[in-house]
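*Asks:* One letter stands for each residue in the lines below.
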Amino acid sequence: DTGVSQDPRHKITKRGQNVTFRCDPISEHNRLYWYRQTLGQGPEFLTYFQNEAQLEKSRLLSDRFSAERPKGSFSTLEIQRTEQGDSAMYLCASSSSGLAAGELFFGEGSRLTVL
Amino acid sequence: QKEVEQNSGPLSVPEGAIASLNCTYSDRGSQSFFWYRQYSGKSPELIMFIYSNGDKEDGRFTAQLNKASQYVSLLIRDSQPSDSATYLCAVKPGGYQKVTFGIGTKLQVIP
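Taken in sequence, the protein lines are chains A and B.
Going from the first sequence to our numbering is simple: count from 1 and add 399.
Going from the second sequence to our numbering is simple: count from 1 and add 14.
Just so you know, these hints were derived from the structure itself, not from any lab.
It is possible that some hints are incorrect.
[Claimed, not checked] Distance windows between CB atoms, simulated:
| id | chain 1 | residue 1 | chain 2 | residue 2 | range |
| --- | --- | --- | --- | --- | --- |
| 1 | A | Ser-457 | B | Gln-94 | 35 to 41 angstroms |
| 2 | A | Ser-472 | B | Tyr-110 | 22 to 28 angstroms |
| 3 | B | Asp-69 | A | Leu-454 | 29 to 35 angstroms |
Predicted model, so just to flag it, every value in this text is computed and none were measured.
The C-beta atom is built at its ideal place from N, Cα and C for all residues, glycine as well.
Let's have the full structure, built from the sequences with the hints guiding it.
*Replies:* This is the structure:
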């Protein structure tokens, strides 16, 4: 068990560019979450997948954000036309239906800096 | 009103003392409550969860839940410098799978 893996760990981009982050969950976990965290704040929920189905999405998530989990394994989070306000740590977490609901295993995160 | 409210701290306690961390939540239908610990520059890790009113103990940690008051707390006995971290209260609202986090309370244990 290698834990939740995220790639890239750091991304610096210019405003207006598109970026994509990848998350590989723990292999037997069917639930996958994306969160965003800025300095001094708690993780903010973005979206949730159960297997390949995106079942919940934050109302705060603009149309520039899209997430997929095509085969119920890895997931990608794409941000189009990045803005400076998108600078944050993007955290992926996975869980299993067999675990306590809300017992999340987090990856190390992908830090985005938008210049 | 925020869904999960915590005092951001910092909360400073001397080594060996009891640290008391508090959290309130707004959704009365919430059923699951969690405490995560986040060291500086690291990702959150779960340390305790509680579903029922009352206390739940695990080693030096005790989680307390009062659903009538919509209040969750975490007690850390015999605090150690290694406990210095941000403690995030998290709640799973009823009917949803998302987990909502508070801002976190920064704990500093002074040797």
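*Asks:* Tell me the numbers of any earlier hints that the structure contravenes, in ascending order.
*Replies:* none
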